[in-house]
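J.: Sequence:
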Amino acid sequence: MGDTSQPDTGLEVNTFCFGGNEISIRCRKSVSKTANFKLTVQVPKRDLYNSLQGFGGGFASDSDEDDVIAVDGDLDLLGLDIWPAAVRLCEYIAEHPDVAVGKNIIELGAGVGLPCLIAAKCGASKAYISDYDQRVVDHAHENAKECGLGDVCQGLLLDWKKLEALPEEHVRSYDLVLAADVMYISQIIPDFVQAIDHVLCPENGVVLITHQERNSLVMDSSGIPEVIDMDVSFETFKDIVSRSGFLIRELGACASEGFPGPMHIIAMSRDEACLQTLHVIDLTKFPSTM
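Residue numbers for the sequence shown follow this note's numbering, beginning at 27 and rising by one.
Note that these hints are calculated values from the structure, not bench results.
All figures in this text were calculated on a predicted structure; none of them were measured in a lab.
One should not assume that every hint holds.
Listed next, the in silico BS3-like pairs over lysine-lysine satisfying Cα-Cα at most 30 angstroms (straight line) [said to hold, decoys possible]:
id, residue 1, residue 2
1, 55, 187
2, 152, 187
3, 264, 171
When you get a sec, could you build the whole thing from the sequences and use the hints?
T.: See the structure below:
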C-alpha cells in the first residue's frame, strides 16, 4: 500500500504497486478495514428479524423485502471498497502478465475494478469493469480515466439477474473473466455461474477467481441464527460448477488467520489444455493483506 489522501469526494485515494505497475484509485475502504470482514450472512433479512423478535425484540423490520442483511447500511456500496482477494488477484496478474496481454477481459462484480485496471496496465486489448450498481460503474470508469487507462478500460452495467439486457457484443466474447471476493451470498451463486457462462468465450476462455473462505451465519433447524465454521457460498459454488461442465484448477492458496479456510486463487475453463498453461503461484511469498 502507498500514500493516502482525502479528496473532496469523501473517498480515500489509495496507491497500489504490483510488479512495477502503480495504480492510484479512489475507494471507500481499503484492505486494512475490509480484512476484518470474517462473516457472511446467509439468512434472508425477514427471517433474521423474525427470529430476533422471538427473543424479546430489539430489531424491527419496516420492509417485507426478502433480501440479505446489508453491511454498513448499503450492500451495493461494498463495491467501492478494496478487498484482500482483489489484491491477491492483482498480484497474480502482475506476476504472470501473459494471462492478460492482448486479451479481451471482463471483471464481474468488479466494484472499483482494481484487478481489471492491473490487467489493462499489463497489456489487455480491452477491459471492462462490470457491476450491477450504476453508481459503482460510473465511479470505476472515472478511476480508469484518472489512471490514464480510459481508452482500454471502461465501466459496464451488468446485472447477473438480467443477462438478457447485455448487448450482444459482450456475449461469449471474453478471453479472460476475473472475479474477486464476489461469493459472499449463497443465493447469488447460480446467477454468478450463469454470468460467467454468458460472457466467457467458449473456445479457450479462462476464468480467474480469488476467494477468501469465511464463516457463515445461517438458521438452524429450529429457526435460531447460528454461526457455522463453513463457507456456505463457496460450497454452493463448488457444487454448481461441478455440474456445469466447467473444469477447475487451484492455482494457489494460503491460510488466513481467524478464517475457517484459506484464500484461494481458482481457474475455470471448459478447455483442460488452457488450464494447464496457467501458472501455479505461492501466495505465502506476498506480504499479508490481513
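J.: For every hint, state whether the structure bears it out.
T.: Structure-based check of each hint:
1. Distance hint between residue 55 and residue 187 is fulfilled; the C-alpha atoms sit about 27 angstroms from each other, no more than 30 angstroms.
2. As the CA atoms of residue 152 and residue 187 are separated by approximately 24 angstroms, the hinted pair is consistent with the 30 angstroms bound.
3. Simply put, residue 264 and residue 171 have alpha-carbon atoms about 36 angstroms apart, too far for the 30 angstroms limit, and the pair is violated.
Checked against the numbered hints given earlier, the structure breaks only hint 3 and satisfies all the rest.
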